[in-house]
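Peer 1: One-letter residues, chain by chain:
There are 2 protein chains.
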Amino acid sequence: MIQIYDTTLRDGTQRKDISLSCSDKLRIAQRLDEMGVDFIEGGWPGSNPKDVEFFQEAAKIHWKHALITAFGSTCRVNGGPQDDANIQALLDSGTPVCTVFGKSWTLHVVDVLRTTLPENLRIIEQSVAYLREQGRRVIYDAEHFFDGYKENPEYTLDTLRAAVRGGAERVVLCDTNGGALPHEVSAIVSQVHQELDIPLGIHAHNDSECAVANSLAAVQAGCTQVQGTINGYGERCGNANLCSIIPDLQLKLGYECLPSVKLVELYDLSHFVAEIANLAPDEYQAYVGQAAFAHKGGVHVSAMRRSPLSYQHIEPELVGNEMSVVVSELSGKGNILSKAEEYGLAVNGSEEVVEALNQIKELESQGFSFEAAEASAMLLLKRHQPDYRAPFELIDYSVSVEHRQQRGIITEAMVKVRIGEKVIHTAGEGCGPVHALDVAMRKALVDDFPQIAQFHLTDFKVRILNGALATEAITRVLIDTQNGYHSWSTVGASPNIIDASWQALADSIEYGLMTTTEEDPAEQVAA
Amino acid sequence: MIQIYDTTLRDGTQRKDISLSCSDKLRIAQRLDEMGVDFIEGGWPGSNPKDVEFFQEAAKIHWKHALITAFGSTCRVNGGPQDDANIQALLDSGTPVCTVFGKSWTLHVVDVLRTTLPENLRIIEQSVAYLREQGRRVIYDAEHFFDGYKENPEYTLDTLRAAVRGGAERVVLCDTNGGALPHEVSAIVSQVHQELDIPLGIHAHNDSECAVANSLAAVQAGCTQVQGTINGYGERCGNANLCSIIPDLQLKLGYECLPSVKLVELYDLSHFVAEIANLAPDEYQAYVGQAAFAHKGGVHVSAMRRSPLSYQHIEPELVGNEMSVVVSELSGKGNILSKAEEYGLAVNGSEEVVEALNQIKELESQGFSFEAAEASAMLLLKRHQPDYRAPFELIDYSVSVEHRQQRGIITEAMVKVRIGEKVIHTAGEGCGPVHALDVAMRKALVDDFPQIAQFHLTDFKVRILNGALATEAITRVLIDTQNGYHSWSTVGASPNIIDASWQALADSIEYGLMTTTEEDPAEQVAA
Chain A
226 MIQIYDTTLR DGTQRKDISL SCSDKLRIAQ RLDEMGVDFI EGGWPGSNPK
276 DVEFFQEAAK IHWKHALITA FGSTCRVNGG PQDDANIQAL LDSGTPVCTV
326 FGKSWTLHVV DVLRTTLPEN LRIIEQSVAY LREQGRRVIY DAEHFFDGYK
376 ENPEYTLDTL RAAVRGGAER VVLCDTNGGA LPHEVSAIVS QVHQELDIPL
426 GIHAHNDSEC AVANSLAAVQ AGCTQVQGTI NGYGERCGNA NLCSIIPDLQ
476 LKLGYECLPS VKLVELYDLS HFVAEIANLA PDEYQAYVGQ AAFAHKGGVH
526 VSAMRRSPLS YQHIEPELVG NEMSVVVSEL SGKGNILSKA EEYGLAVNGS
576 EEVVEALNQI KELESQGFSF EAAEASAMLL LKRHQPDYRA PFELIDYSVS
626 VEHRQQRGII TEAMVKVRIG EKVIHTAGEG CGPVHALDVA MRKALVDDFP
676 QIAQFHLTDF KVRILNGALA TEAITRVLID TQNGYHSWST VGASPNIIDA
726 SWQALADSIE YGLMTTTEED PAEQVAA
Chain B
226 MIQIYDTTLR DGTQRKDISL SCSDKLRIAQ RLDEMGVDFI EGGWPGSNPK
276 DVEFFQEAAK IHWKHALITA FGSTCRVNGG PQDDANIQAL LDSGTPVCTV
326 FGKSWTLHVV DVLRTTLPEN LRIIEQSVAY LREQGRRVIY DAEHFFDGYK
376 ENPEYTLDTL RAAVRGGAER VVLCDTNGGA LPHEVSAIVS QVHQELDIPL
426 GIHAHNDSEC AVANSLAAVQ AGCTQVQGTI NGYGERCGNA NLCSIIPDLQ
476 LKLGYECLPS VKLVELYDLS HFVAEIANLA PDEYQAYVGQ AAFAHKGGVH
526 VSAMRRSPLS YQHIEPELVG NEMSVVVSEL SGKGNILSKA EEYGLAVNGS
576 EEVVEALNQI KELESQGFSF EAAEASAMLL LKRHQPDYRA PFELIDYSVS
626 VEHRQQRGII TEAMVKVRIG EKVIHTAGEG CGPVHALDVA MRKALVDDFP
676 QIAQFHLTDF KVRILNGALA TEAITRVLID TQNGYHSWST VGASPNIIDA
726 SWQALADSIE YGLMTTTEED PAEQVAA
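Sequence order for the protein chains is A and B. So for the first sequence, this note's numbering puts the first residue at 226; every next one is plus one. So for the second sequence, this note's numbering puts the first residue at 226; every next one is plus one.
To be clear, the hints were calculated from the coordinates, so they are not data collected in a lab. Worth double-checking, as some hints may not be accurate.
As the list makes no split between identical chains, a pair holds if one copy fits it or if it spans any two.
Unchecked claim - Below, in silico cross-link-like pairs of lysine-lysine (DSS-like), each with a Cα-Cα straight-line distance of 30 Å or less:
| no. | residue 1 | residue 2 |
| --- | --- | --- |
| 1 | Lys375 | Lys275 |
| 2 | Lys275 | Lys586 |
| 3 | Lys275 | Lys289 |
| 4 | Lys668 | Lys647 |
| 5 | Lys641 | Lys241 |
| 6 | Lys285 | Lys686 |
| 7 | Lys477 | Lys241 |
| 8 | Lys375 | Lys586 |
If you're wondering where the values come from, they're calculated on a predicted model, not measured in any experiment.
Construct the complete structure from the given sequences, taking the supplied hints into account.
Peer 2: See below:
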């Protein structure tokens, strides 16, 4: 049994182009919890005020399996933990577990901390001990452990012993600069394992492109916790990629990391996190990339048909991926059906599912992505049901943004919609074009559908799909909406960002109207 | 001394989205030759007629160091090599070396080749022997070697012995399906090395995200040739990435692969190949990614200035990369100064740096983010210098998007700008509002600044910053632009997505004009 410790929300956000809002972080954390991840490091409250909000919200959530952890450094040199702002921030986060990092490498103790080797041991021990006294479980992250060990093995072991004396339940050996190679990790972890009778963890970075192999080597040498991030996001070249480590350990080395029934959601998890982070999923990623089981050559394909394992290292379904030469109509249909069940949608005939599936495939080839826009997928399925009638129909819209010297920016939108026999033509003003369209739409619809007043757009994300086509490329817009009780996500795609936004907005309203009634906005008719 | 065998032009082109012309392949091959690569596998003449052309052209070139190799399979079952079309194609390619692959795995012999185990040994031996008789050096690639070895070690060794009897100068152990893990590679290569007295090579794929580590393990266990591709391009999850393996072997394990003076060109080589293949370089790649030595946190940065090796695993200059600092709200003055140095900006007084830093912090609190928009940060610093004059000034703009039944979508923009004393008022049409603004701006500016015709928007990203404020929240837009020589990124933030896009667009053009001159768009005045 290997503990999985996810640090996507902390170390993962050190990646250059990631910036997650508090609600993004909560969505990711809840998904990780559902997957059966053991620890979720939510942030570094002492360094980042945004993380404080996350911990406040996280404290209100009932977590199914995961323990939320807060990350922070030991107390300052020449000071005590009881009046250290960073340690206080850890306590204020209210998490059951605190992860404290300290210095292992004498170079860092002397040149960066500018203190003595014994003083470093003191702050490690006392910081851990103080958090233990306050009732917290403590994991100790030994920063730069491998670099430190290569220079002065005995001192690095002393830092671990200090953490153990303080009451740390586990010490984690960190390859902070990411330069270690597997044979070194293997040898050093083995030595530490012999010296210390305490559970060990590994925290690797990918600067030598060996983060996954280093994590595996560490487990084989005695570590029982692996720290990493989804998709390997992280500073510089990234952290150890849990989307590879988990299947490597579980499918190939026989360690249990996640419940098997959850492992099949790994592909979805990877794509979900990429979507929330607003990053293009890496198609070529091991296990969970869209191309990971894609076969190009004809000979390959016929050989595959004779003997599927002849050209693939695992069955892709084990991680929720699929082989992509043979487009599996059945698995696709299965996906849609189970999704419909999940959303409580009655599906009458299998024909409408096949039609919906074909339309989804067609739209995805145009740039739509339904992975993080389940409401649009469900609407699409609904529209293939003979008894479904859309609550409104768009005739025209227009939107204008003007920037005039002295007057500033004026943004207006016009919409013309049909509700039954009635045509409504109205206009609205907003801070931006999507806001103006939203305002105009609400004006047009609110008399007939008063529950629309409860719908709030909470996020939208935009991605240009083919950079090489520059501003003429397809733009994909994802919109999140909520009504105070539920939230849903919709998608639009077009070469025009306004039109893509419009599609996602119209879906958002249509789905909201489909699933809530006028009388009781909270009741979900079909979701 | 480890031989580097590059298969970017053959196995690398199996990647889903790569298609190289003959002249692309020749350019890459010549660059690899200059780097000091030992073998360049040019293609598979028996399977791809386009590759035949490559070998014809390659035969005319004087190669400085590299040997060009042609790749192909053994002759067919129940046939001889002398009248086998594939073997003939190898000979016709005229290369000094042929690389022949054959089956190692009994599953493949029986289920895919549909022949007997002895017949497979015969075609291996005779194919190699025939090519040797025709005066070619032969490398034997043992396909699926590791999977085969795990099932029937003795038979896989027999296939290698057959190749050796035929006269192969080296046998290469291929992890064709990419599923092997380092400890297996290490054990199996060691066993083969004990059994056979012949030079060994390794050919790994990245399906377990261990291709680099597997290659290193193989070298440590006795392989003296590594096959791989630049940037790890290849089918499914890619081949072993030479851009990581070479520095891992050379800088960390003390093996010589390339002349040291060539290793410093690795960064350029990686970007050159990406450029020719028309793929965005992977910023997060080990060693050669633009973010591989990028540091985000302010504490990190000040520590780096004290002791550069405290937070980096090698000196980035060894592979031609450089340390960079991510400018963000966490930045100190050190970040800005390092950044200005990196961009070659002369900074006169520390006062202007402090002012720029304060403005960055102020703007970041409004939603800007300079982490991924260094051009905007540098413009901001520039604007605090007394001698700076902006090339143009915006007076007004407007943009409208109309969706009309029957007519579809019409998108138009108007801009009014001042250049010196002149006011230009014009309009443009586009696929979307940013495109229309871009078109109108170009029309307004191109007469005065012809180099603007070289600027191309390559990506933009949009982010809503405070979900709770819904459509009234701040929108942040990041735009990437390039001019064929350089690329730069700019940022805008506003409650209005169009205005945010406008700001990023205007910065993109202003920065482009500041750093390129009319006469020579490639010359960077300040970057």
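Peer 1: Could you run down the list of hints and mark each one as holding or not?
Peer 2: For each hint, the structure was consulted:
| no. | hint | verdict |
| --- | --- | --- |
| 1 | Lys375 <-> Lys275 | neither (37 Å within a copy, 51 Å between copies) |
| 2 | Lys275 <-> Lys586 | between (39 Å within a copy, 15 Å between copies) |
| 3 | Lys275 <-> Lys289 | within (24 Å within a copy, 57 Å between copies) |
| 4 | Lys668 <-> Lys647 | within (14 Å within a copy, 44 Å between copies) |
| 5 | Lys641 <-> Lys241 | neither (43 Å within a copy, 36 Å between copies) |
| 6 | Lys285 <-> Lys686 | within (26 Å within a copy, 32 Å between copies) |
| 7 | Lys477 <-> Lys241 | between (32 Å within a copy, 26 Å between copies) |
| 8 | Lys375 <-> Lys586 | neither (53 Å within a copy, 39 Å between copies) |
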